[in-house]
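Keeping their order, the protein sequence lines are chains A and B. For the first sequence, full-length UniProt numbering gives the first residue as 1, with consecutive numbering after it. For the second sequence, full-length UniProt numbering gives the first residue as 1, with consecutive numbering after it.
FYI, nobody ran anything at the bench for these hints, they're computed from the structure. Virtual Cβ for every residue (Gly too), placed ideally from N, Cα, C. Incorrect hints may appear among the rest.
Calculated pairs, DSS-like style, for lysine-lysine (alpha carbon to alpha carbon, straight line, at most 27 Å) [unchecked claim]:
1. B:K173 <-> B:K274
2. A:K151 <-> A:K329
3. A:K151 <-> B:K360
4. B:K360 <-> B:K322
5. B:K205 <-> A:K151
6. B:K322 <-> B:K191
7. B:K322 <-> B:K382
8. B:K382 <-> B:K360
9. A:K329 <-> A:K456
10. B:K415 <-> B:K382
11. A:K456 <-> A:K379
12. B:K173 <-> A:K485
13. B:K79 <-> A:K485
14. A:K485 <-> B:K249
15. A:K151 <-> A:K115
16. A:K485 <-> B:K105
17. A:K181 <-> A:K67
18. B:K205 <-> B:K287
19. A:K485 <-> B:K205
20. A:K11 <-> A:K181
Covered by chain A, per the in silico footprint, the following chain B stretches (three or more residues, Cβ under 8 Å) [what the hints assert, rightly or not]:
21. 86 to 93
22. 139 to 150
23. 287 to 299
24. 336 to 342
25. 346 to 360
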Amino acid sequence: MVVNSVHWFRKCLRLHDNPALQEALNGADAVRCVYILDPFFAGAANVGINRWRFLLEALEDLDSSLKKLNSRLFVVRGQPTDVFPRLFKEWNVTRLTFEYDPEPYGKERDGAIIKLAQEFGVETIVRNSHTLYNLDRIIEMNNNSPPLTFKRFQTIVSRLELPRRPLPPITQQQMDKCHTKIEDNHDQLYSIPSLEELGFRTDGLPLAVWHGGESQALDRLGKHLDKKVWVTSLEHSRVKTCSLYASPTGLSPYLRFGCLSCRVLYYNLRELYMKVRKRCTPPLSLFGQLLWREFFYTAATNNPNFDRMDGNPICVQIPWDQNPEALAKWAEGRTGFPWIDAIMTQLRQEGWIHHLARHAVACFLTRGDLWISWESGMKVFEELLLDADWSVNAGSWMWLSCSAFFQQFFHCYCPVGFGRRTDPTGDYIRHYIPILKDYPNRYIYEPWNAPESLQKAANCVVGVDYPKPMINHAESSRLNIERMKQVYQQLSHYRGLSLLASVPTIQEEAEPPMTDESQTSSGPDSPQRVPANTEEDVCYEAPDSSTVCPSSTSAPHPDQEYQAPCISSVILIGNKEKRP
Amino acid sequence: LKQTILLNVNPPVCLNYHNSAKKSGTKFERIIATQDWGNLPHHVVLQIFQHLSLVDRARASSVCRCWNDVFHTPDLWRKFEFELNQPATSYLRSTHPDLIQQIIKKHAQHLQYVSFKVDSCTESAEAACDILSQLVNCTIKTLGLISTARPSFMDVSQAHFVSALTVVFVNSKSLSSIRIDDTPVDDPSLKVLVANNSDTLKLLKMSSCPHVSPAGILCVADQCHGLRELALNYHLLSDELLLALSSEKHVHLEHLRIDVVSENPGQTHFHTIKRSSWEALIRHSPKVNIVMYFYLYEEEFEPFFCEETPVTHLYFGRAVSKMMLGRIGLNCPRLVELVVCANGIEPLDEELIRIAERCKSLTAIGLGECEVTCSGFVEFVKMCGGRLTQLSIMEEVLIPDSSYNIEQIHSEVSKHLGRMWFPDMMPTW
């Protein structure tokens with residue numbers, strides 16, 4: 001039987017560690033790699049120019065790598081449900097492969113495509129490679145609910161076997177066996193669109209700071225590991241001012257788009273640590289970034305309402321204010337607080353900001369100052385931030401706004417003080433808000449307090465050349481702490497005086513996770529176990545697929561109004577404080 | 001019981017039946033009649049209604065006249081929270097205007113525990129004032145004016161607000177608890193409050209009410225001898241006030257909350273309270289909780305904590321200096337909870353250890369943007385031991401040293417606390 005494969009790239013824009021692509025090649029007579037996008041919706045989607053550019057560069061890189069293997073990338077314009085029937089017929093497709101997408105929207109979309117493929121007699125093979133672990137396994141080990149504290153998550157992960165080892169890149173040999181004839185009109189039909197085609201104006205567009213693509217990613221990985229200073233800073237990461245700027249070894253956007261495999265990063269970190277430290281087990285903190293990503297993916301995978309407050313069982317219902325004018329000032333870096341404005345400027349110009357910068361602006365928008373919903377902030381980040389994927393972005397915003405995950409809300413980042421402590425030189429401000437460059441360090445974080453003569457001398461008068469501060473921070477933070485306290489005291493039924501005790505605590509840390517039978521089986525580096533469903537991989541055979549896509553059915557769908565979230569799925573222990 | 005409540009009951013077929021059953025008198029007919037939902041005894045329906053949310057109750061009330069009567073039973077209207085929101089400014093729903101009218105018409109005299117929750121829109125606050133103005137003939141015991149976002153009561157004309165508030169002050173005559181933080185209440189309105197409710201007033205929360213003067217609040221303390229809980233801003237606090245609250249005629253004070261807020265750096269001068277005034281207060285009310293929330297710039301702290309201050313709960317909403325934390329260790333022996341939003345980049349080891357030594361009642365501590373060495377922190381926890389029921393510190397605050405690294409910290413601290421403990425974390429994505 002002739003096997004004609006189509007591999008569908010969505011995330012996982014790489015040729016290394018791509019098990020689904022390997023499946024496409026496995027015993028195939030012809031393979032075509034497709035990416036589907038709809039230029040018509042490009043403008044409407046909440047995706048900014050930097051993200052599009054990064055994606056297009058990643059696609060160019062894939063195309064160029066495939067060229068070296070005598071193939072090409074097929075960029076097909078349209079929607080998957082329309083495109084696939086056409087392709088299935090035109091190319092006599094017998095096998096469809098793609099990487100498992102754990103996000104709720106992804107699962108739904110893929111469920112429909114799998115059904116569609118079945119109707120066409122196309123075998124579908126899905127493999128997990130976007131996350132380190134099988135997320136359903138983590139959920140299962142936590143009494144069938146996703147861990148809601150990072151510590152709990154780490155505890156469970158520490159009891160799992162190591163993530164599956166990454167696969168090598170596909171080879172010339174493999175591709176030769178499934179050679180695809182590239183038509184002469186390939187570039188007319190399947191080329192990668194330009195930014196202009198997507199409706200963006202590019203005249204005057206500054207050069208990208210972050211270039212998309214697998215080649216870039218692997219290059220950066222090398223540098224990332226070379227950075228020996230980094231290894232010694234494993235113990236304690238202090239923010240040095242240089243880290244506020246885009247780093248040539250930063251990897252987060254590449255992980256988001258899948259240009260870099262998270263498992264490749266994981267194993268490289270692990271091996272480096274073990275070589276340098278001559279110790280057997282690296283601490284979990286080594287994989288900090290990766291595990292946060294994994295944590296949010298796990299929390300989101302069964303929650304289609306993860307990205308909103310209303311109807312989201314894990315999100316505290318907070319009476320945020322609606323104020324489009326204030327939101328616009330924040331989004332456009334016109335708050336009058338140089339620290340906030342510089343960060344939002346960097347974000348808009350470059351597409352990446354340091355995690356402490358994210359904390360600062362998120363706090364300012366939500367619980368710190370403006371009291372605007374985290375959903376609004378999340379949408380702005382979605383548009384501008386290169387590494388903002390659905391789960392991580394929503395999860396981080398909930399975390400930073402103290403809307404979920406049992407966070408203490410007392411520590412509020414001051415838009416003046418925090419900036420000053422992070423970068424006492426003020427150079428970051430001067431770089432991104434050049435109009436303030438002649439302000440001395442004493443006033444650069446609070447230019448409105450500078451005497452008029454100084455403002456004039458610096459050629460930047462507050463209220464004229466640079467906005468006045470849009471709120472009074474002391475006043476706002478005072479009000480907001482009271483608001484948060486009101487909300488939380490209602491939630492936890494706490495009537496005492498302690499501010500800290502207002503936040504309910506969660507039992508999950510105190511109890512050990514449910515024991516898992518597979519713990520008794522193989523150790524960390526044992527060979528792959530065989531059967532379906534307990535494996536990370538899922539196999540779909542057309543036409544009578546009876547194996548179910550993991551967790552698509554078991555989503556606990558909230559269909560009622562949630563006034564007091566968390567209580568149903570989580571055991572709250574009473575507040576520990578004794579009455580004074 | 002909540003979950004199983006009937007909600008989709010057929011409309012008034014029972015109505016006729018009920019009436020006919022009433023007319024006939026025989027026992028037999030009455031037995032048949034009582035099998036009808038509409039003929040459940042009043043008190044049974046009342047009990048059920050008490051478990052329903054307002055929305056469900058309102059729906060049930062339109063089923064039949066009997067249920068409608070029960071809906072309007074005075075007992076169901078003792079407590080009410082008016083939610084006033086505009087769709088443009090809030091995600092929350094609003095109490096239906098028709099319901100508001102019904103309440104004013106039928107239940108003003110039943111209301112005893114009333115609160116108003118308003119969003120950031122001036123209209124919402126004005127609507128609250130309008131309702132207040134109509135609550136004549138009421139016997140309200142508890143009144144709360146709560147802004148869920150920006151303080152919109154401050155945008156209402158002062159005259160309008162004050163006249164609405166005084167309607168309630170004058171008419172209730174038995175107000176025991178009042179929350180009017182962030183409102184334009186003034187001295188004359190407080191006089192009216194005192195003139196009518198001095199015997200019953202137990203709780204008064206009025207933080208950030210800029211139109212009140214120290215004399216205004218002193219009047220309250222002088223006359224309302226049953227006052228147990230008071231919340232105000234520091235500029236209203238005076239030696240006279242503390243002495244008035246400690247007079248023989250006055251009950252024991254339970255809770256004093258003081259907000260210390262500065263408008264602009266260096267522009268507000270903070271007076272000091274005499275040590276003797278504090279001592280008088282503590283002598284009179286030895287168990288009083290004194291809660292202080294500070295929102296000051298670092299250089300404005302000078303007047304505070306120079307002498308022994310009997311504060312029990314201390315919150316610093318902005319950066320507070322190392323020196324100030326040192327003073328607190330020296331002069332706050334009654335301290336129960338300390339929350340520090342931010343400090344600086346020098347380790348606070350010494351200050352924490354002094355606090356552990358001298359604040360023997362400390363049970364809760366929260367540290368935001370600070371620095372503490374791991375050894376210092378462990379020492380602190382060791383000294384406090386299991387009395388720390390709340391320990392919140394960000395992981396990035398802890399500086400690893402030769403004795404402990406981050407991984408070891410959690411087990412050391414857990415050991416000394418006698419329970420599992422982890423530092424707070426922030427996503428590093």
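ask   = Is K173 of chain B close enough to K485 of chain A, meaning Cα to Cα at most 27 Å?
value = violated, 31 Å
message = Hint check: K11 of chain A vs K181 of chain A, CA-CA at most 27 Å. Holds or violated?
response = holds, 25 Å
key: Holds or violated: K456 of chain A to K379 of chain A, with C-alpha atoms at most 27 Å apart   = Distance of about 37 Å is beyond 27 Å: violated.
27 Å Cα cutoff - pair K360 of chain B, K322 of chain B = holds, 20 Å
ask   = Has the given pair, K322 of chain B with K191 of chain B, been kept, meaning a C-alpha gap of at most 27 Å?
value = violated, 43 Å
task = Compare the distance between the alpha carbons of K485 of chain A and K205 of chain B with 27 Å, and conclude whether the hinted pair is satisfied.
result = Distance ~15 Å between K485 of chain A and K205 of chain B Cα, so the pair holds.
ask   = Taking 8 Å as the C-beta cutoff, is the stated coverage of the stretch 336 to 342 of chain B by chain A satisfied by three or more residues?
value = Holds, because 5 residues of the stretch 336 to 342 of chain B bring their Cβ atoms closer than 8 Å to Cβ atoms of chain A.
task = Quickly compare the C-alpha distance for K79 of chain B and K485 of chain A to 27 Å and report which way the hint goes.
result = holds, 22 Å
message = Checking one constraint from the list: CA of K173 of chain B to CA of K274 of chain B, max 27 Å. Satisfied?
response = Not OK: K173 of chain B and K274 of chain B at ~35 Å, beyond 27 Å, violated.
message = Checking one constraint from the list: CA of K329 of chain A to CA of K456 of chain A, max 27 Å. Satisfied?
response = With a Cα-Cα distance of about 24 Å, the restraint between K329 of chain A and K456 of chain A holds, given a limit of 27 Å.
key: Proposed proximity, K360 of chain B with K151 of chain A (alpha carbon, max 27 Å)   = violated, 30 Å
inquiry  = Checking one constraint from the list: CA of K382 of chain B to CA of K360 of chain B, max 27 Å. Satisfied?
reply    = The given pair, whose Cα atoms are some 13 Å apart, holds under the 27 Å limit.
In terms of the numbered hints stated before, the structure departs from hints 1, 2, 3, 5, 6, 11, 12, 14, 15, 16, 25, listed from lowest to highest.
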